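Respectively, the protein sequence lines represent chains E and Y. Residue numbering for the first sequence follows UniProt numbering, beginning at 1 and increasing consecutively. Residue numbering for the second sequence follows UniProt numbering, beginning at 1 and increasing consecutively.
Fair warning: there could be bad hints in the mix.
As the list claims (entries may be wrong) - Per the computed footprint, the stretches of chain Y lying under chain E, defined by three or more beta-carbons under 8 Å from a beta-carbon of chain E, are:
#1 78-89
#2 165-174
#3 236-249
#4 292-299
What the hints assert, rightly or not - Straight-line C-alpha distance at most 27 Å; calculated DSS-like pairs for lysine-lysine:
#5 E:Lys183 - E:Lys128
#6 E:Lys188 - E:Lys360
#7 Y:Lys64 - E:Lys239
#8 E:Lys183 - E:Lys160
#9 E:Lys163 - Y:Lys297
#10 E:Lys56 - E:Lys367
#11 E:Lys183 - Y:Lys297
#12 E:Lys183 - E:Lys283
#13 E:Lys360 - E:Lys160
#14 E:Lys239 - E:Lys56
#15 Y:Lys64 - E:Lys162
#16 E:Lys367 - Y:Lys64
#17 E:Lys360 - E:Lys325
#18 E:Lys367 - E:Lys349
#19 E:Lys258 - E:Lys239
#20 E:Lys188 - Y:Lys297
#21 E:Lys320 - E:Lys349
#22 E:Lys186 - E:Lys162
#23 E:Lys367 - E:Lys26
#24 Y:Lys64 - E:Lys170
#25 E:Lys186 - Y:Lys297
#26 E:Lys294 - E:Lys283
#27 E:Lys56 - E:Lys26
#28 E:Lys26 - E:Lys294
#29 E:Lys160 - E:Lys367
#30 E:Lys239 - Y:Lys316
#31 E:Lys320 - E:Lys26
#32 E:Lys239 - E:Lys162
#33 E:Lys26 - E:Lys349
#34 Y:Lys316 - E:Lys258
Stated by the list, open to error - A few chain E residues facing chain Y, derived, Cβ under 8 Å:
#35 Ala187
#36 Gly189
#37 Asp204
#38 Lys258
Hint data in this document are derived by calculation from the structure and do not stem from the laboratory. Every value quoted in this text rests on a predicted model; they were computed, and no experiment measured them. Quick reminder that beta carbons are idealized off the backbone N, C-alpha and C, glycines included.
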Amino acid sequence: MKKTVLSLTVLTALALGSANAATVVKLATISPLSGSSSNLGLQIKNGAQLAVNEMKAEFAKAGMTLSLVAYDDQADPATGTAAARRVVADRSILGVVGTLNSGVAIPASAVLAPSHVTMVSPANTNEKVTDRGLANMNRVCARDDAQGPAGADFVVNTLKAKKVYVLNDKTPYGQGLADQAEKAMKAKGLTVVQSEGVAAEDRDFTAMITKIQTLRPDAIYFGGLYGQVGPFAKQLRDKGIQTPIIGGDGYDSDDLTKLAGTGANNIYFTTVAPPLDAVPAAKALSTSFQSAFKTDMQGFGLMGYDSAKVVLQGMLNAYKAAGNKVPTRTQVESAVRTGTFNVVTGQVKFDKNGDRQTAKMYVIAVKNGARSTAGTVNVVRQ
Amino acid sequence: MDFQTFGTVLLQVLVGGLSLGVLYAIIALGYTMVYGVLQLINFAHSEVFIAGGIVGFLVFDAVKASSMNGYLKLLLACIAAMAVSGLLNVIIERLAYRPLRGAQRLVPLITAIGVSLILQDLLRFLVGLRGQFDLSVPLPQGFGNPISSLFGLDISLLNLQVKDLILIVVAVVMLIGLNLLVNRTQLGRAIRAVAHDRQTSGLMGIDANRIISLTFLIGGALGGLGGVMFAMKYQALNAYSGTLPGIKAFTAAVLGGIGSIPGAVLGGLVLGWLETLLGVISLFSSVPGLHWLGAIKAEYKDLGAFLALILILFLKPAGLLGRSAAEKV
Chain E
1 MKKTVLSLTV LTALALGSAN AATVVKLATI SPLSGSSSNL GLQIKNGAQL
51 AVNEMKAEFA KAGMTLSLVA YDDQADPATG TAAARRVVAD RSILGVVGTL
101 NSGVAIPASA VLAPSHVTMV SPANTNEKVT DRGLANMNRV CARDDAQGPA
151 GADFVVNTLK AKKVYVLNDK TPYGQGLADQ AEKAMKAKGL TVVQSEGVAA
201 EDRDFTAMIT KIQTLRPDAI YFGGLYGQVG PFAKQLRDKG IQTPIIGGDG
251 YDSDDLTKLA GTGANNIYFT TVAPPLDAVP AAKALSTSFQ SAFKTDMQGF
301 GLMGYDSAKV VLQGMLNAYK AAGNKVPTRT QVESAVRTGT FNVVTGQVKF
351 DKNGDRQTAK MYVIAVKNGA RSTAGTVNVV RQ
Chain Y
1 MDFQTFGTVL LQVLVGGLSL GVLYAIIALG YTMVYGVLQL INFAHSEVFI
51 AGGIVGFLVF DAVKASSMNG YLKLLLACIA AMAVSGLLNV IIERLAYRPL
101 RGAQRLVPLI TAIGVSLILQ DLLRFLVGLR GQFDLSVPLP QGFGNPISSL
151 FGLDISLLNL QVKDLILIVV AVVMLIGLNL LVNRTQLGRA IRAVAHDRQT
201 SGLMGIDANR IISLTFLIGG ALGGLGGVMF AMKYQALNAY SGTLPGIKAF
251 TAAVLGGIGS IPGAVLGGLV LGWLETLLGV ISLFSSVPGL HWLGAIKAEY
301 KDLGAFLALI LILFLKPAGL LGRSAAEKV
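Start from the sequences, fold in the hints, and give me the full structure.
This is how it looks when you write it as C-alpha cells:
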C-alpha cells in the first residue's frame, strides 16, 4: 500500500513537472561544415541560427524551448543520409533546413519523408529535388531549369540583342543550360545565328572566334564553366570583340576574372544565390549576422535564414492550428507546404511539389574584373 | 556571304590553323624522337609537355613585376621548362621503361599510360600546394598586342598577335635545329645508329643506354618548349590541360608518319588546318549549293581530324611521310 502511494506521488510529480516545464522543440540544419564547401555550409547553418535566436522568445511564449542542432553532411550523400536518420530518431526535431548539394538533398529527404519531417532547402537547384513530389521537400531557391529562361530574359530585355551565338561545353550541365536558353530566346523572337559545342577540355577557340567575327551576333550565350569561359573571354577580347558573354552559375568563381584577365569585361551570369546588394532588406540582417558570427553574410547565409524562418513560422502556424498545442511533425509538414510566409527575399508560397511560386534569379555582371548585380529575374511557377 | 568575307575567313583559317598546327608539331616531335629510337609510344609525353607549361607559368609569374626585356623572360621560361621536362623524361625512361627493355611491346605501353596518370595527379597536387587549380599565365608586356602590319603589308584582318608570331618562329627554328642535330652531328649519327639497330651499334662502341637517355632528354625538352608555347598561346592551363593537345599531337605524329621529323611537322600542320577549317566550315553554308555545310558545326572539328587520320592510315599505313619499316634481319 505504502509502495503504491509513493509511486502515485512520483507519477503526479512527473506529470506536473511536464506540464510546467516548456517542451523542447528543435530545428535541424544539414549542410557541409567541413571540407571544401564548408564555407557555404556554415553560412546556411549560421543563417538558420540567426533565425532561431530571433524567434526564441516567441516560441517561449507558446511554451516551447527552441534550439538549433547542426549536422555536418561533408557534402557527401552517405553522410547526409546518416544525419537524416539521426534527425528521424530525435523526436524533438520538427523540421530541417538544408542541404547545400542536391546530391545530398535527394536521398536525405527520402529518409525524412516517411517520418514527415519537413525540409526547406536554401540552395538545391536540381529539378529532381522537388519533381519527385515528396510532401516534406520544399525549396526557397529557383531551379536549374529556370536559369536558361532567366538568361534569355536578360538577353532580350536588358542587352536588347537581336542575334545570338550559342555555344556549349557538351557536358550535361552546359549543354542542358544552353539548350534551355536557346529555346527561350527563340520563343522570344531572337535569331540564333549558330548553336554549337566545344569539348570541355578544349582551350582553342580560333574557329569560334572567326565565326563570331563573321556573323556579328549581339550577344554570346556560353553554357559552360569558368575554367573554360575565362580563356574564351580572354581570346575573344584579345581580338577586339567586346560582344557580351552570358551564362549560368558555372561562371561563379573568382577564377573567372583571373583567367579572363583583360577580357573580364561585359560578362554576365545567372545564379540563385542573391548578392546582398540586390536585396535591400538584407542590410540590417547582415549587420546582426556579422556581430553574431564575426564573418560577412553571403547569399547562402541569407537563404539559410529565410529557409529557417519558413520552417519556424510553419511550426507556429501548426501550433495555433492544433489549438495551442505542440504540433506533430505531420502538422508542421502541411503547415509549411500550405502556408504563405513573408521573408527577406520576398513572399514564400510553395506549389504542390514544394517549389517556390515566385523565386528569383539574380544576374551578376563582371565589368573590368569587378562584380556587381545587373538585375533580378522573377521565376514564376504555375 | 560576300566575296571579301569569304577570303578573310579563309585567310584567318590559314593563319589560325598554322599557329595551332605548329604547336601540335612541336609536341609531336617529342613523340617521334622517342618512337624513332625505341619504337615506344611515350604516352606520358602529354604530362611532360604540360609540366613544361607549368614551369613556364612559374617563371612568367616570378618575373612579371621585373622590368626585364620580354624576350629575355620568355627565354628564361623556355630554358627552365626544357630543363625540367627533359629531366623528367629521362627519369621516366630510367624508372618505367628501361627495366622493361626486353619485355613484349605491350608492356612498356601500359606502364607509359600508368606513368601518365600518376604524373597528372602529381602535377595537380603540386599546383594545388599553391592553392590553385587553374593557372592564368601573365605574359610579358606587348606579347598580346595585335600585329597590324608586317613588311609594310596590312595584315590586321588576320587577327595575328605578337605571341602567335613568336610561336611560329620558335617552331621553325626548332625544326631546323633538330634536323641539323640528327643529320649533321656525332650525337645525331649515334641516335640514328641506335634507332637502326641497337645491338650492332653497341658492338660499334655506342653506349645505347646513354643515347636513349639523351634522346629522352631532347624529346622531353621539346615537350617542355611546347608547354611554354601552349602557356603563352592560351594563357590558361591546369594539370590536365596536356591530355587533349597530347592526343592531337600524337595523331599528328602518326598522320605524318611516326618516327619522321618532317612528317611530325607536316602532320601537325595538316591537323591544325583541318581542325580550324572544320570549325568554321558552317559559315560557307550561305554559298549557293553548299547549304548542307551548315550541319557541320564546330563540335565536329575533332571528329573530322580523327576521321582524316583513319582515312590516311587506310591509304598509306606508314603515314604521309613515313617509310614502311623494313624488316630487320
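Evaluated hints:
| no. | hint | in the structure |
| --- | --- | --- |
| 1 | 78-89 | violated (count 0) |
| 2 | 165-174 | violated (count 0) |
| 3 | 236-249 | holds (count 7) |
| 4 | 292-299 | holds (count 3) |
| 5 | E:Lys183 - E:Lys128 | holds (21 Å) |
| 6 | E:Lys188 - E:Lys360 | holds (20 Å) |
| 7 | Y:Lys64 - E:Lys239 | holds (23 Å) |
| 8 | E:Lys183 - E:Lys160 | holds (17 Å) |
| 9 | E:Lys163 - Y:Lys297 | holds (18 Å) |
| 10 | E:Lys56 - E:Lys367 | violated (43 Å) |
| 11 | E:Lys183 - Y:Lys297 | holds (18 Å) |
| 12 | E:Lys183 - E:Lys283 | violated (37 Å) |
| 13 | E:Lys360 - E:Lys160 | holds (21 Å) |
| 14 | E:Lys239 - E:Lys56 | violated (59 Å) |
| 15 | Y:Lys64 - E:Lys162 | violated (42 Å) |
| 16 | E:Lys367 - Y:Lys64 | holds (24 Å) |
| 17 | E:Lys360 - E:Lys325 | violated (35 Å) |
| 18 | E:Lys367 - E:Lys349 | violated (35 Å) |
| 19 | E:Lys258 - E:Lys239 | holds (18 Å) |
| 20 | E:Lys188 - Y:Lys297 | holds (24 Å) |
| 21 | E:Lys320 - E:Lys349 | holds (19 Å) |
| 22 | E:Lys186 - E:Lys162 | holds (10 Å) |
| 23 | E:Lys367 - E:Lys26 | violated (44 Å) |
| 24 | Y:Lys64 - E:Lys170 | violated (35 Å) |
| 25 | E:Lys186 - Y:Lys297 | holds (19 Å) |
| 26 | E:Lys294 - E:Lys283 | holds (16 Å) |
| 27 | E:Lys56 - E:Lys26 | holds (11 Å) |
| 28 | E:Lys26 - E:Lys294 | holds (24 Å) |
| 29 | E:Lys160 - E:Lys367 | holds (18 Å) |
| 30 | E:Lys239 - Y:Lys316 | violated (39 Å) |
| 31 | E:Lys320 - E:Lys26 | holds (18 Å) |
| 32 | E:Lys239 - E:Lys162 | holds (22 Å) |
| 33 | E:Lys26 - E:Lys349 | holds (23 Å) |
| 34 | Y:Lys316 - E:Lys258 | violated (46 Å) |
| 35 | Ala187 | violated (22 Å) |
| 36 | Gly189 | violated (21 Å) |
| 37 | Asp204 | holds (6 Å) |
| 38 | Lys258 | holds (5 Å) |
Violated hints for the displayed structure, listed by number in ascending order: 1, 2, 10, 12, 14, 15, 17, 18, 23, 24, 30, 34, 35 and 36.
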